[in-house]
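Peer 1: Taken in sequence, the protein lines are chains X and R.
Mind the numbering: the first sequence is residues 663 to 914 in the numbering used here, read in order.
Mind the numbering: the second sequence is residues 192 to 601 in the numbering used here, read in order.
Check before you lean on any hint, since a few could be wrong.
[Unchecked claim] If the Cβ cut is set under 8 Å, some of the chain R residues that face chain X in the computed set are:
hint, residue
1, Tyr266
2, Ser370
3, Glu486
4, Thr488
5, Ala489
Since the hints were derived computationally from the structure, they do not count as laboratory data.
If you're wondering where the values come from, they're calculated on a predicted model, not measured in any experiment.
No residue lacks a Cβ here, since even glycine has one placed at the ideal position from N, Cα and C.
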Amino acid sequence: MITRRALLVACLAASALGPAFAAAPTLTADQILARIDQNLTFETRSSRMTMTVTKNGRVKTYEIVSYGRGAEEGATEYIAPARDAGTKMLKKGDELWMYMPSVEKVQKISGHMLRQGMMGSDLSYEDMLESDDWRTNYNAVALPDEAVNGRACWVLDLKAKSEDVSYPRRKVWVDQQWLLPVRQELYALSGMLLKVWIMSDPKQYGDRWYPMKMTVEDKLQQGSKTEIVFTEMQFSVPLEEEIFTTRWLERR
Amino acid sequence: MGDLLRMALRNAARNTRRSALTALTILLGTTLLIIGLSWLDGLLGGLIDNIAATAGEVRVIKPEYEAREELFPLYENIAEVAPVVKAIEDAGFAAHPLIRVGVTISRGEEIGEHFGLLLGADRAYYERVMDLDAHLVDGAFFTPGEESSQVLLGKTLASDLGASVGDELLFLGQTQDGSISPIKGVLVGVVDAGDALSNRQAYASLERLQYLTDIPDGAIEVAVHIGDPDRAREVAATLRESPALKPYLVQAWSERPMFAMLSDMTGLVYGVLAGSIVFITALGVLNTMLMSVLERTAEVGVLRALGMGRLSVVFLFVVEALGIGALGAVPGVALGALVAYYLELNGVEMGEKISADVSLPMSTTFHADLSVEVALVSLALGLCMAALGALLPSIRAAGIQPVDAMRSHR
């Protein structure tokens, strides 16, 4: 009798919460991180995107072509606006190189420069260098599920395993269907909220869901927002070996 | 009154050793006072001169810029600087648009090792205001027509970078939108700009800085040079009336919060210094005058018995002290003035470390600034020391009852 009543209460609760929570598979925090990593990491990727930076009442839009190979190698080239066209960046492991066409020079970005906003955006160069492999970098604790935009999400509290990461703590809302971190709150060691990172408009590529739009808000700068919209995306494409070398940076 | 005056002055000569000691105390007090006050005047005056040389006695900025000035908010710029310059020039003053930005400077491949300030200004500013062409320690000044590819470095920055004339330097700054923005420049000269802050800066053309910051027709501030810091507030008030300058903040140097605070602080130090010297010297005078009163208790009793009023007794001792004070204060002022004059002429080299962590254009050599006002103030305070020191003993003397005085003597 008690079992039936409990079942009834559970069914009523599930129907009240909506279909979002009904079909959630049971995954551990570690398994969720593994599935996110599967979605966000890739063998090779080629993409084109627009990056719109809104800051201090000014809006600036960049067009970018980007290539990636694994978690350690990435290359981007700015196509527009004219002032920044030809600017290239190359990520090799934990090193970042930049080619600035106006001075025809390749420079390694290091030190305090890494913490600056990439091309004035709310994403730092450090964000760009950081590996997407969360399982390696963070310990996860599952918090009670929540809904984001009406969709069921697992909520994970990620604490960094070492000091090498940009954000010592992340609170992540993971869509239970897409296995994507649809919302992230990035915190400093002091507990101060630094950024909010939204991933939306996911598109399915085979078994993988990938967000076609990302919005990053810097909570330390009022009204500061960066929106990245992927206009083209291809995974597992053959990429020239030269792209991931400093020679490519200087290639016209 | 004449008798009292004569008696007071004669009393001053009665115990020559004690009077000499009192005079010496006052001499030391006034000497210290004139040196200290001249030194403070020199320090503040030098700072104001440097501010005028680097930022103008008056400046025009966007009002929002001031609140976050230490962060160099490039987006708070004067987008169209030409009408602002014209309005200032129409009012009869020299105007120089400036852009100052934090940069990473490199000679090699890696960025991130050397930070500095890069200033962009017109040639006239560097020549007439900063006088950089006269302060070259190596190389040459900007070549006319080639300013856009050339840079100058302050000597400290050049030394930190290990840069030599002819080196190509890369300056990595930011646009007003925050994008990384580089410019290259050939180092043509190294300057000793006279203050630590300026010696840690790099200098380029305004045009190059406009490109670097992506403010093509603008500037961060416009420095107004009037040649007289004391007229800054008056000129600022006049310029505020110009319609072209209405949207902007027109500030005299003394109205800038940092310098207003500095000025208040200097005033406070001025007061504390003068007050301390006066107090300590007056204590010395009080001590010797108290001895005089004790020695002359019976004499005062007799004078009081003969009908001398209490006020006259006070007058007697104060005038005696003033006489001795004058003997000390006049040579004290002369001696202090000599030392202050020497410090004004030669200054004291403090080294760059003294202002290394201060974002103020402080000179590395501190000079005193001797003035008639300081000399007169020191002389007056020297006499005050004597009068103040004598006041308490003389009041004590005035309170002596003739009967008590004679009884104590017996």
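Peer 1: Determine which of the earlier numbered hints do not hold for this structure and return their numbers in increasing order.
Peer 2: Of the numbered hints given earlier, those the structure breaks are 3, 4 and 5, listed in rising order.
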